[in-house]
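Peer 1: Residue numbers (our numbering): 1 to 550.
Bear in mind the hints are in silico, worked out from the structure with no lab data behind them.
Ideal Cβ placement from N, Cα and C applies to all residues, glycine included.
Watch out, some of these pointers could steer you wrong.
[Claimed, not checked] Distance condition first, Cα-Cα at most 20 Å in a straight line; then the derived EDC-like pairs of lysine to aspartate or glutamate: (1) K169 x E113; (2) K357 x E254; (3) K103 x E428; (4) K378 x D331; (5) K378 x E354; (6) K332 x E280; (7) K240 x D220; (8) K397 x E385; (9) K127 x D102; (10) K103 x E113; (11) K240 x E354; (12) K378 x E325; (13) K170 x E113; (14) K281 x D220; (15) K169 x D208; (16) K324 x D125; (17) K247 x D220; (18) K170 x E280; (19) K123 x E113; (20) K393 x E193; (21) K127 x E252; (22) K28 x E414; (23) K397 x D408; (24) K332 x E254; (25) K475 x E385.
[Claimed, not checked] Taking CB as the label site, the calculated pair distances span: (26) K247 x E193: 49 to 59 Å; (27) V211 x R45: 41 to 51 Å; (28) K357 x R104: 15 to 25 Å; (29) Q443 x S286: 34 to 44 Å; (30) V453 x G533: 58 to 68 Å; (31) K247 x S395: 37 to 47 Å; (32) Q213 x R382: 37 to 47 Å; (33) D208 x K357: 23 to 33 Å; (34) M108 x E193: 27 to 37 Å; (35) K170 x R104: 19 to 29 Å.
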Amino acid sequence: MKHKTLIPLLALVAGLTAAHAAPPKAPKLVVAILVDQLRYDYLDRFHAQFVEGGLRELTDKGAFMTFAQYNYYPTITAPGHASFFSGSSPMMHGVIANDWFDKRSGEMMYCVEDAGVTGVGTKPDAKAGKMSPRNFTGATVADQMRLHWGSKVVSMSVKDRGAILPAGKKPTGAYWFESASGNFITSSYYQNELPAWVKAFNDSKRPDAFVGQTWERLLDEKQYSESDESAGESHLAGEKGSTFPHKVIKEEKEGYEPILSTPYGNQLLMEFAKAAIEGEKLGQGSQPDLLCVSFSSIDYCGHKFGPYSQEVHDITLRLDRQLKELFAYLDKKVGLANVVMVLTADHGVAPNPENAKEQGLDGGRPAITDMLVELQSKVAERFGEGHYFLSPKGSLKPRLVEGNLYFDHAVLAEKKLQPEVLTDFIREWALSTGVVHAVYSRQQLLEGRAPGVIGQRIANGFNGERSGDAVIILKPWLIAGTGKPATGTTHGSPFSYDTHIPIIFYGAPFKTGRYADEFSITDLAPTLSAALGIQEPPMCMGKPLVRALK
């Protein structure tokens, strides 16, 4: 009898203990690593050639989400950087593309442009410095860490949007690379003068050391399964061929930008990250700090050569070694046991259309500009003469902005034409071309009537204030062309080669393993927030993967 009484009592005590468990122990430093255009399959395809202490430190010892997906369209850099750390999609945070059509001004709007600020570390009126997060209407884990602990937050990338968007509204610093000068800069939104450590790094003229360098394969050529000259490949600036070896050639017009398409771009940023850890004493205080590092060179390289190129294979292997150096530095300065990390990507990438075609897939580069001119003509035939579509000032031709068509509602009102009727006509015409997968209307998307997984992704990326009136999605394996010969590839579609990315959590709060759970990019921020014991960002639409947490 005594034992029967004791068992429920022990269960009750255990339940009370679990209910009143202490919050997670805070790390000294959180490191968010985003690798621009890092497809999920790269981590499996190249895993055998990774070294201990590099990417294997994360893939083998972290909580690896193997079926992580972007749950919205378009899959491009700015929305990816705004979404992964906010837990929300463009529908909510407003960063619908790298550039979008601003209906009020009639001009194209760049995602982080801000005419009200000046450059710092560059000429005050330099366009490269007129940047801030004002167009981002969300908040990120960085903001929550600032609120919760008063953390230092430092964010960096060679791309301005890659540094600015994850950092939230009031970081300690956000820094990006100015190709014209070869310096890391910021804007007056953040501070009026560069910190001493940034000035010292710029004074070292590190980019000059990479100019004129020859990029050779890291391993013997036999270790690369890809062709060195696959169909559709482009070339680096100043070169004519697409095969190894490659030389970094600085051209007057592009400044130091050619560095960024090679492993030297990632090397530069990795060294800048080490300078930030030392200069800001990150992880050395009584509260956790945050370092966001967005590596962009795989993206620059991937656009030119494609995901099945030796160049992308090699630059990924070299990033693995560069991360090993960064992780060793973190271990020395902070101790990896005191660090929580997350690694992900902002999108994947499509195969070069010519490469896809060689494999029997329907790859191609349909001439979208010509198609839109034809559409305008067909609409005029059906509904009467007039310019039914908005375009940037100075142009009368329709323009597709990441799939969005913008209607001129004044013309529609004059013609007494309902937007849904025009969209239905566009859909019928577009599907007859043989290159369009689907056409969605504004009302469909706002009312949640877009069918299927693809339709839901389009809706999650559709913002009522900034998006267009119809969204046109090309079929898989196709990328927009001009009708002229072209090379290289891109991303942005709602299909798996663009949406499937890696997400890996690393550190004391996480259970090591590979998780094939359904996991969206909007689940990253709440999972990390739960691991840190802080409030998730306010517009968060995801949920934490509890079973990956200790």
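Peer 1: Each of the hints needs a verdict: does it hold here or not?
Peer 2: Evaluation of the provided hints:
no.: 1; hint: K169 x E113; in the structure: 14 Å, holds
no.: 2; hint: K357 x E254; in the structure: 33 Å, violated
no.: 3; hint: K103 x E428; in the structure: 26 Å, violated
no.: 4; hint: K378 x D331; in the structure: 63 Å, violated
no.: 5; hint: K378 x E354; in the structure: 31 Å, violated
no.: 6; hint: K332 x E280; in the structure: 15 Å, holds
no.: 7; hint: K240 x D220; in the structure: 23 Å, violated
no.: 8; hint: K397 x E385; in the structure: 14 Å, holds
no.: 9; hint: K127 x D102; in the structure: 19 Å, holds
no.: 10; hint: K103 x E113; in the structure: 16 Å, holds
no.: 11; hint: K240 x E354; in the structure: 19 Å, holds
no.: 12; hint: K378 x E325; in the structure: 58 Å, violated
no.: 13; hint: K170 x E113; in the structure: 17 Å, holds
no.: 14; hint: K281 x D220; in the structure: 40 Å, violated
no.: 15; hint: K169 x D208; in the structure: 33 Å, violated
no.: 16; hint: K324 x D125; in the structure: 38 Å, violated
no.: 17; hint: K247 x D220; in the structure: 18 Å, holds
no.: 18; hint: K170 x E280; in the structure: 16 Å, holds
no.: 19; hint: K123 x E113; in the structure: 16 Å, holds
no.: 20; hint: K393 x E193; in the structure: 36 Å, violated
no.: 21; hint: K127 x E252; in the structure: 18 Å, holds
no.: 22; hint: K28 x E414; in the structure: 62 Å, violated
no.: 23; hint: K397 x D408; in the structure: 12 Å, holds
no.: 24; hint: K332 x E254; in the structure: 37 Å, violated
no.: 25; hint: K475 x E385; in the structure: 30 Å, violated
no.: 26; hint: K247 x E193: 49 to 59 Å; in the structure: 37 Å, violated
no.: 27; hint: V211 x R45: 41 to 51 Å; in the structure: 31 Å, violated
no.: 28; hint: K357 x R104: 15 to 25 Å; in the structure: 42 Å, violated
no.: 29; hint: Q443 x S286: 34 to 44 Å; in the structure: 53 Å, violated
no.: 30; hint: V453 x G533: 58 to 68 Å; in the structure: 33 Å, violated
no.: 31; hint: K247 x S395: 37 to 47 Å; in the structure: 38 Å, holds
no.: 32; hint: Q213 x R382: 37 to 47 Å; in the structure: 58 Å, violated
no.: 33; hint: D208 x K357: 23 to 33 Å; in the structure: 41 Å, violated
no.: 34; hint: M108 x E193: 27 to 37 Å; in the structure: 31 Å, holds
no.: 35; hint: K170 x R104: 19 to 29 Å; in the structure: 27 Å, holds
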